Each structure stands twice: as structure tokens, then as C-alpha cells.
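Asks: Spelled out, the chains give:
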Amino acid sequence: MTSSNSPRLPEHIRSLIPFGTYEWPRSEAEQTIGHLFEKLKSGLGATTNDTAIDPDKLENKSDEAMRAALQEALQTVLLEALDATYLDWVRSSDNTRTRRVLVHPPMDGDTLSAWGERHDIPVLSDINQLRDHPPETCFILPRLEVFFGRRVEDLNPLFNLFETLAKHEGHILLGCNSWARAFLERFDEKQFLLGNEDTFPPFDADALAHVLERALGPDADVKSVASGDYILNCDDDGKLADPFLKKLAEKSLGHPWVAIEVFLRGMAEAADTDEKTSESQLWVKLPAACSLPAPANDAHLFALHTLLIHGSRQADELSQLLPNPSLTGIWLSLQGNGFVDLNDGQVSCAIRSYPDIRSELGAAGFNLDRL
Amino acid sequence: MEERAQRVSNLFNDLNGWVIAEIILSIVLVWVFIKATQKILPWVSEFLPAKLRNLSLNSVPVLRVLALLFLVIWIVPLVFNITLQNFVFIAGAMSVAVGFAVKDLASSVIAGFVALFEKPYRLGDWIKIGDDYGEVVTIGMRAVQIRTPDDNVVTISHDRIWTDNVLNANDGFGTLMCVATFHVAHNQDTSDVAELLRMVGKTSPYLNLDRDVIVVAENETCCTVYKLKAYPFEPRNQFAFITDMTERGNATLRNAGIRAATVSDEIISGSAKSSN
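From first to last, the protein sequence lines stand for chains A and B. Numbered by numbering that gives the first Met the number 0, the letters in the first sequence go through residues 0 to 370 in order. Numbered by numbering that gives the first Met the number 0, the letters in the second sequence go through residues 0 to 275 in order.
One or more hints might be untrue.
What the hints assert, rightly or not - Quick list of in silico lysine-lysine cross-link-like pairs, DSBU-like style, CA-CA up to 35 angstroms:
1) B:102 to B:127
2) B:201 to B:127
3) A:246 to A:284
4) B:118 to B:228
5) B:201 to A:166
6) A:246 to B:38
7) B:228 to B:127
8) A:166 to B:228
9) B:38 to B:102
Hint data in this document are derived by calculation from the structure and do not stem from the laboratory. Note that the structure is predicted; figures quoted are calculated from it, not measured.
Modelling step: build the complete structure from the supplied sequences, incorporating the hints.
Replies: Here it is as C-alpha cells:
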């Protein structure tokens, strides 16, 4: 059970941070080498016997209610951070900064749209809506990446958008995927027209503990498989006693929505009732890294990079943007390896595998996103 | 005569069975170490991004030289009785032997040693020496081996660096410039060609997004030549990158109504006459 002096919402996640100041929990080289080491370990079939409970006595647990509770708790924290950063600006008549951009790594939901709806700020999704919008009023454009494809002929909507944005005098808040931003970095129009950029702060162990505690309650009975200790317990100094959440924050690269999915993926309960101290007792561990089929995986990597830049889209549409558009079955293959989710032909990045995807791309030399 | 025999015998230490075993063991250990680094580090580097790969590969020849130096420093005192007099004697004898018998080999080995510090090429670099272009796959004591785009391995003696220019496309960096060339006909509106080609470069999936895309135009007698210059994120993708830029560049220019340069009938007939 958690002690009474559990961590409060850390100060550093109460608002967004300027783009470029994100402190990655692990450097790119550390992440790549760590990922290779994990792959090597899992390839050699290495298992650790140094666990508090026999992993064979655990069975995976999938709990949609818990997922919803965790996502809601996180959404509340993220919306509060957006409030702290943007609300005063949106309501002001500050003409020195009329455009601001929220740069974020791939996410499941659309937090920026939810924030706009919460404050009755128009959320626009296509250029026609933008043209009809009064030029001096504020609006949100949550997904810049939907306005282009990585082909010469698919850049026109983006240039039309930039042209329309240039004529707009009111405040504009844009959302942009960090991978799309990296792609747009070399376009002069982007430099001229888009304004100050912000991003979500990295969530460390304390911040994740706050989200977990908010969702699961102060008496959450969650133990680490590695140590057998309660993951939310604090020591006398008010710091988390168990290293699980620190490792989770590192593995999820500081992105809390990734941490939630990794947490849920590593969640299990004791199969044998003798092992349980309560009915709601849960055990968590860090799941093994996903890896691409070796050795000929260039097509997979290009597909993943394309998916990250363009965001969730129809499989056919994404395939047209690959170096080899005629390659069939690539998305099914990636789904089989746990890298993407397929739903009615719509491909999206499997958030739980995002750190592994990023590591695979980094190891192959692809340009990574920046925050 | 006896004095001379005495001097020669003073040159060498007593070589008993233990000393010989120690020498053999040292040679075997150094050989195993060199072979292991030559196998393991390139294997590890295949999993690393280009910049880390170069670091890993570049340590192979350095480790080999260090290992050989260690071997020489270890073995020489075991065999020779090192005094100033003996050192001068041995050095003189070796100079004569090297000068007459293996001067080319010595020149290559010395050039290889110089190359280690001057770094005209490193493992993983894409270099051109003479007519041969390819990726450096091995740097030996005497020669460097490159793998050409046609998958041939060419062995080039190090001493070529004394006489030939060495063209290094990436010089230890993780990327290199690729150029796709387009010939556009005169007498048409070509103001947008450079911008179209720049977009072709910027949208290539092989592009290194950290580097600029440049288009250079030049007027020639029969056409305007556009060179689209950009960097791939991975040097090994250079040919796929050039092909991608060329294919998509041609299609983009065609779709925009830009005519490619054609060779006039006069030139064709002129070249036919000259060949006859």
C-alpha cells in the first residue's frame, strides 16, 4: 500500500516547456545501445531469475477500465499544462505572438482538440473551414501533418495552408507531430509562418506516480515483479522507494501516454490465489523490447518512418508514400511484430512500442524527431 | 674472427625453450586479438547508426597498430640484447635489407602508418583512388580494400597516397553528397525548375533532414543543366537516393510541362560522320 507522503504533482509538469529544451531521460546513443542490448538479451533467450515472484506464476492482465482511468488522469494533467501555457495568451490581444505551435510525439488521442473544445475555441481541420473563419479570431489547427504527404504533388495543400495562415491576423494555435516538424524543418515557409513552439515536459518517476495515484487511488496495490515492493511507496524523504517508475520513465522516453501503455502491457496478476495478498493486487514489470525481423528490414523502417511523419492514415494512402509503394503486406507484417495497429485499414503507431520504433530508426541512421 | 663471433653472440640473448614458447604465445595472443577486433567491431558496427559505426570501425586499425607495437616491444628484448651499439648494428642491417629487398612493401607499410594518422580514408568511408570508387571495408598493414558499387573488392596499396589524389566522399562523417543531373531544353520558362527539383530532394525518403538541399543550374550549348545536390541519411543508400531523385525529378518536370533536352539531328549526324 502507498504511504501517506506520496509525491504531489511536480512543479515541472504544470506547464509546457519551450521547444528544444526537452531533457531526454536517456541520450540517443544510450537509448540505441540499450535497445540493442535488450534485443541481444532476448535473442539469446536470457531471463533473469532475480525476481520477487516467479514470472510463471503470473498471468497477463488486460483492464480496459484501468486504461480509461489512467488516460483520464493523464488527460487532466496535460489539459492543466495547456491551460497554464496558452489560456492567458489565447484570451489576450497580444499581437507580438499570434502563432504558437504545440510540438508533440505521436499520441493516441487529440489533447489539443479536447483543450479547444473545453474552452470553446474553434478547432478547424481543413482549409475550407479556415478560409470561412473570421480573420481576426482565434482558432486551433490540431494536426498540421494531415496537410501534406511526402511527395512533391502532395505538398500543395501545405503551401495553400501557409498562404492562408499568412493572411490571418488572429491568434492561431497549431498542433504538430514532432516527426512531421523534423520533416518540415527545411521548408522556409515553416520558418517564417510558424511561431513559438512548445512541447510537453518529460514525465519523470514522480510525475508518473502522480498520474498513477490519481487514476488508481492512494491505496493502489501494485508491486514490482523485480523487487516485490510497492511501486508507489515513498521513503522518509518523500522520494519513491522502488526504481520501477524511474525505469518506466526512461523506457517511455518521458512521454506519459507511452508510459501508460508500457505499464499496461507489463501488468499481470498472480495466477495462484495463495500468492495474492488482496483481490486487487497487481504486479508490473517492464516488457521486453519489440524488434523487427532481421536482416532485410529496410522496407519496415521506411514504413515506420513514413507513418511517424504522416500520422495515422489509411494503409493505401501511406503505402503510396513509401520508396516502394507496391510492397504489399508491409503493414500486416509490422502489426504482427507489434509496431503498428490496424483498424479498418487505418494504420496507426502502436504507442506501447514507440520507444522501440524510435530506437530501431535511430540504430538504422534515420533522422529522429526533436523536442 | 673470435672477437667478431663474440660480438654477434652478444647481440642475441639466450633463446631457451621457455623464451621461444613465450614468443610464440605472444604472437598467437596478438594475432587472436587482431582477428577478434577485425571480426567483432565491424559486426557490432552493422547495428549502429552511421556516426557510431564509423567510430567503431575506425578503432580497428588503431587497435591493430597498438597490438603490433606491444608485440614488438615485448619480443625484441627477449631476442636481442639491447644496447646502443647493438641497436645501431640491427638498425643498419635492417635498413640495408629493407632498402634492397622489400622497399615496396616497406613503403606501403609506412604509408599505411601515415594514413592511420593523416586519415585520407577510414573504414566505412566512400573513397575514390584512380578509377576505383567504393566503401572502405578493410585497412590492412599493406593495403586498403574497397567494395565497389558492382560488389567487387578492390585491393589498393597504401603507397598510392604518395602519388595519387584520394577522393573521400564522406571523410568520416555519416553522410555524403549525392548529385542527380537533369538536362532541360532551352527556350522555355524554367523559372520554377530549380524550386521543383528542390521539392523533389526535400521529399525523398532517403534524405538526411539535417542537411540542405541545393540546386545548381548551368547553361550549356544545347541545354540547361540542373544539378540537384542532397545528402542521404545513410551513405549506403546513395545509389538508391540518386535513383529516387532522378526518377521523381523526371516525373515532376514532365508533369509540370518542362521539356527535357534532346540531342539535335545535326549533332547525331555529326557524331555518326566522325565515327565513320
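Asks: So, for every hint listed, does it hold in this structure?
Replies: Hint check:
no.: 1; hint: B:102 to B:127; in the structure: holds, 25 angstroms
no.: 2; hint: B:201 to B:127; in the structure: holds, 27 angstroms
no.: 3; hint: A:246 to A:284; in the structure: holds, 10 angstroms
no.: 4; hint: B:118 to B:228; in the structure: holds, 25 angstroms
no.: 5; hint: B:201 to A:166; in the structure: holds, 26 angstroms
no.: 6; hint: A:246 to B:38; in the structure: holds, 34 angstroms
no.: 7; hint: B:228 to B:127; in the structure: holds, 19 angstroms
no.: 8; hint: A:166 to B:228; in the structure: holds, 33 angstroms
no.: 9; hint: B:38 to B:102; in the structure: holds, 30 angstroms
Hint compliance for this structure: no hint is broken.
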